[in-house]
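Asks: Those letters in the sequence shown? Residues 1 to 305, by our numbering.
Keep in mind that the hints were calculated from the coordinates and are not lab data. Any given hint might turn out to be false.
[Unchecked claim] Derived DSSO-like pairs (lysine-lysine); straight-line CA-CA distance at most 30 Å:
{"no.": "1", "residue 1": "K241", "residue 2": "K289"}
{"no.": "2", "residue 1": "K293", "residue 2": "K65"}
{"no.": "3", "residue 1": "K158", "residue 2": "K256"}
{"no.": "4", "residue 1": "K194", "residue 2": "K300"}
{"no.": "5", "residue 1": "K219", "residue 2": "K161"}
{"no.": "6", "residue 1": "K203", "residue 2": "K179"}
{"no.": "7", "residue 1": "K161", "residue 2": "K300"}
{"no.": "8", "residue 1": "K203", "residue 2": "K300"}
{"no.": "9", "residue 1": "K158", "residue 2": "K194"}
{"no.": "10", "residue 1": "K81", "residue 2": "K203"}
{"no.": "11", "residue 1": "K179", "residue 2": "K300"}
{"no.": "12", "residue 1": "K39", "residue 2": "K81"}
{"no.": "13", "residue 1": "K293", "residue 2": "K161"}
{"no.": "14", "residue 1": "K158", "residue 2": "K219"}
{"no.": "15", "residue 1": "K293", "residue 2": "K39"}
{"no.": "16", "residue 1": "K203", "residue 2": "K158"}
{"no.": "17", "residue 1": "K39", "residue 2": "K179"}
{"no.": "18", "residue 1": "K194", "residue 2": "K81"}
{"no.": "19", "residue 1": "K219", "residue 2": "K293"}
{"no.": "20", "residue 1": "K65", "residue 2": "K39"}
{"no.": "21", "residue 1": "K256", "residue 2": "K289"}
{"no.": "22", "residue 1": "K65", "residue 2": "K300"}
{"no.": "23", "residue 1": "K179", "residue 2": "K81"}
{"no.": "24", "residue 1": "K65", "residue 2": "K161"}
{"no.": "25", "residue 1": "K304", "residue 2": "K194"}
{"no.": "26", "residue 1": "K203", "residue 2": "K39"}
{"no.": "27", "residue 1": "K143", "residue 2": "K293"}
{"no.": "28", "residue 1": "K256", "residue 2": "K194"}
{"no.": "29", "residue 1": "K304", "residue 2": "K256"}
{"no.": "30", "residue 1": "K179", "residue 2": "K194"}
{"no.": "31", "residue 1": "K283", "residue 2": "K300"}
{"no.": "32", "residue 1": "K194", "residue 2": "K241"}
{"no.": "33", "residue 1": "K143", "residue 2": "K256"}
{"no.": "34", "residue 1": "K81", "residue 2": "K283"}
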Amino acid sequence: MKKTTLLLVSLMLIFITGCSLEPPEWAKPKASGDVKDIKIGLSISTLNNPFFVSLKDGVVAEATKQGMEVVVVDAQNDSAKQSNDVDDLIQQGVNALLINPTDSSAISTVVQTANSLGIPVITLDRSADQGEVAALVASDNVKGGQMAAEYIVDQLGKDTKVIELEGVPGASATRERGKGFHDIADEQLNVVAKQAADFDRTKGLTVTENLLQGNPDAKAIFAHNDEMALGAIEAIQSSGKDIMVIGFDGNDDALKSIEAGNLTATVAQQPELIGQLAVGAAKDVLHGKEVEKNIAAPLKLVVKE
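Whenever a hint applies, use it, and build me the whole structure from the sequences.
Replies: Below is the structure:
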């Protein structure tokens with residue numbers, strides 16, 4: 001009798017565990033032809049970065065314009081928190097997920113969970129390594145990295161000694177911007193040092209200070225985003241050196257720094273446009289329309305006029 005009871009309890013536990021990711025019936029997304037019935041879940045890697053604030057603003061503005069509801073969560077650059085956040089959005093019964101991954105590998109599990117529940121996923125700025133993503137809306141990060149390297153070659157010549165500040169390890173933007181940069185730099189420049197500063201301004205400052213001590217003759221720095229580039233500018237000003245700095249994103253602080261003659265250039269994205277395009281892609285997918293797997297937002301190199 002005890003064995004029978006134990007077996008029944010075990011089977012119940014297996015059943016409950018197997019269903020734990022399934023949202024309750026009231027929260028499951030319902031198909032609708034009316035955009036006003038659509039609820040979008042937006043998971044941002046961090047709102048402590050002007051670029052991602054602009055990206056979020058683009059999503060919210062376009063969704064509001066379309067009459068859709070948006071639930072926004074901030075992962076605070078914590079991949080575990082982001083996974084939990086997305087699970088919570090699924091439990092709230094969102095019709096579609098817009099995800100700006102903190103880590104392209106770590107986000108894959110919840111993307112696959114959404115897939116199993118029939119919730120379409122659109123990624124913004126960074127991709128997911130696994131799982132079915134209906135569309136990636138982003139700038140051409142590889143091309144942007146190439147643009148930065150080409151500008152350094154044009155301005156300072158071949159074999160210039162360069163430091164590279166890398167973004168968050170594991171993020172697709174880090175890999176792609178680095179790849180594009182090295183496509184040119186490995187042939188035409190001398191990259192004397194590179195280190196991750198996690199897309200963070202404070203880390204950009206401290207990493208640059210350390211790298212300049214070991215490479216005092218570096219003539220240029222390429223940072224994978226503007227926040228790290230602005231941190232590098234602070235380190236350079238403290239050192240009294242004259243070093244070219246190229247950022248990536250085109251956020252307001254970077255543009256002001258260029259006008260002030262501090263930051264040399266930035267590969268400018270259009271984060272609000274990325275957000276708008278992502279909402280449009282989600283709407284099309286929910287209405288059964290075909291969308292491009294990669295939706296590109298244009299880039300441009302911004303320098304002081």
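Asks: Any of the earlier hints contradicted here, and which numbers?
Replies: The structure conflicts with hints 1, 13, 17, 19, 21, 24 and 26, although it agrees with all the remaining ones.
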